[in-house]
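Visitor: Sequence:
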Amino acid sequence: MINNSLALMKELTIVILLLPLGAIIGAATERFCRLQDSHARLHNSAVKVAVAYVSAFFILRKSISFDIFGSTMQSHHEYSGPLHAAILTIRLVVFLSGVIVGTVLQPVGLTGGIATGKSTVSKLFSESDTVNGCDPGDTEFVIIDVDGIAHDILLPDKFGADSVYHRLIDEFGEGILRTEGKEITQASEESRIKRNPPIDRRKLGDIVFRDSQKRRKLNSITHPKIIKIMIHQIIMEGLNFTCFSRGKYKQQSPKKKRRVVCVDIPLLFEGGIPMRFLFGTVVVVACSPKLQLQRLQKRNTDLSLEQCKQRIASQIPIEEKARRANVVIQNNSDFDQLKSEVRKVKSEIANIVVGKQRGIELSWLVVGMGILMLFVK
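Heads up, the sequence shown stops at 417 in this note's numbering, and the numbers go up one at a time, no gaps.
Quick caveat, the hints were computed from the structure, so don't treat them as lab data. Every residue gets a Cβ at the ideal spot worked out from N, C-alpha and C, and that includes glycine. Just so you know, nobody snuck in bad clues.
Straight-line distance between alpha carbons at most 16 Å, and here's what the computed EDC-like set of lysine to aspartate or glutamate pairs gives:
id	residue 1	residue 2
1	LYS254	ASP210
2	LYS243	GLU214
3	LYS384	ASP178
4	LYS163	GLU381
5	LYS163	GLU180
6	LYS349	ASP246
7	LYS257	ASP210
8	LYS396	ASP178
9	LYS379	GLU167
Distance windows between CB atoms, simulated:
id	residue 1	residue 2	range
10	VAL416	GLY200	46 to 52 Å
11	LEU345	ASP202	35 to 41 Å
12	ALA125	LYS254	57 to 63 Å
13	LYS384	HIS272	29 to 35 Å
14	PRO122	ASP202	40 to 46 Å
15	VAL94	GLY215	55 to 61 Å
16	ASN366	MET49	43 to 49 Å
Sequences are here, hints too, so could you generate the full structure?
Guide: Here it is, written out as structure tokens:
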């Protein structure tokens, strides 16, 4: 009896580990299958068939072992009949769920320097490409605004436990709070009524942009929360679960058969290697340093020349970001030229991320291989 209980506990642990394993395999396979040549679809399909076969063979064996931090976790059962079939089916379903999550976890990172026009490009990405009133595209670009998340976590009651409002006050003092007489948004007004004066981002910015140590401290507090919320939204949008949120069903347009999740994230490269691995495709909006400074001065008239230079210097140089990018959008001309460039880039990204050259869906192949092996067994 005790041996059976231990065997079931081990099996449960193995089943739980199959979920992240499936997600990793699904994400890695999709990243690998991005060839764009004439034989890309055949090549990518062959790779996915091989991955599906090996995966199904592994998860449907009687004995599975994982080496975790030097400790081996092994599942081996001698069950037969319906119980044996049920255990293998549960493994397949859990692994398949991970594969589906990993497959949709293919966000496009949209970044750039301050005042390079990234926000304008983000808006153009979310718009439909219309020509003479017709929309020829079949891809929907969903934008996740990390700046918006960063703004909302400063509010005391927007994200609940993920709010950093009180931690920032403890770290930087009450001098970062907005005083009366300043412009107050609706969300800020709610906070003020609850006797929680909103954080003044300009005051906070003046502190951290002058002191790199304080800037690192701010990032250590806010970045984990931002990343957590961002990844949650990426998965929800990728699986299109947001259409059911808050009890409201929002049907996707029948013309939009493909979906690309694009994350507008200013400090993608500053986030280090984990951020770079999260985004398989990175788009950088760039312009000349001289034009960048001019735009920042024009946009933020309350900042001095020195403050503008500090804000630009606090980020990785735009030339370096452009060098690391997969796609670069140069924003040195007028709006019409930028709009034309964005239209071309959207088409290119759609083909890379959700184009037909990706081959057969890995999840369907895993299902097919799994069912085949179950019957063979």
